[in-house]
Amino acid sequence: MNAHTYNAPTISAGTIARTACLLLALTNQVLSALGKPILPIESQTVEQLVTAGITTVAALVAWWKNNSFTPAALQADQTYDKLKAQGK
5 MNAHTYNAPT ISAGTIARTA CLLLALTNQV LSALGKPILP IESQTVEQLV
55 TAGITTVAAL VAWWKNNSFT PAALQADQTY DKLKAQGK
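By the numbering used here, the letter at position 25 of the sequence shown is numbered 29, and the numbering carries on one by one without gaps.
Heads up, some of the hints might be wrong.
To be verified - Straight-line Cα separation of at most 16 Å, EDC-like style, residue types lysine to aspartate or glutamate; simulated pairs: (1) Lys-69 with Asp-81; (2) Lys-69 with Asp-85; (3) Lys-69 with Glu-51.
The set of hints was computed from the structure by calculation and includes no laboratory data.
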C-alpha cells in the first residue's frame with residue numbers, strides 16, 4: 005500500500021442542493037407550461053408567478069455559485085481553498 009493516500013475531491017453538498025433545486029424548478033416550469041405542474045396551486049396566474057420566481061432564484065443561485073463537477077474542477081477548488089487558508 006502506498007504511504008501517500010490520495011484524497012479524491014468530492015462534489016459539495018451545496019453544489020448538489022443548488023443543482024437539485026434548479027432541476028426541480030426547471031421541471032416544474034416545463035410541466036406547468038404543459039398544464040401539469042408539480043406544485044398544485046389553484047390559481048394559474050399565481051402558480052405561474054411562483055414557478056417563474058422559483059426558477060429565476062434557482063437559476064441565479066446556480067449561475068452565481070461555483071458548481072464544480074469534474075475531477076479537475078474539484079481539484080482546483082481544493083487548491084484554491086488551501087491557498088486561501090494560507091492567505092495567498
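So, going through the hints one by one against the coordinates:
1. Lys-69 with Asp-81: OK: Lys-69 and Asp-81 at ~12 Å, within 16 Å.
2. Lys-69 with Asp-85: holds (15 Å)
3. Lys-69 with Glu-51: Measuring from Cα to Cα gives roughly 27 Å; hence the hint is violated.
In this structure, the one hint that does not hold is number 3.
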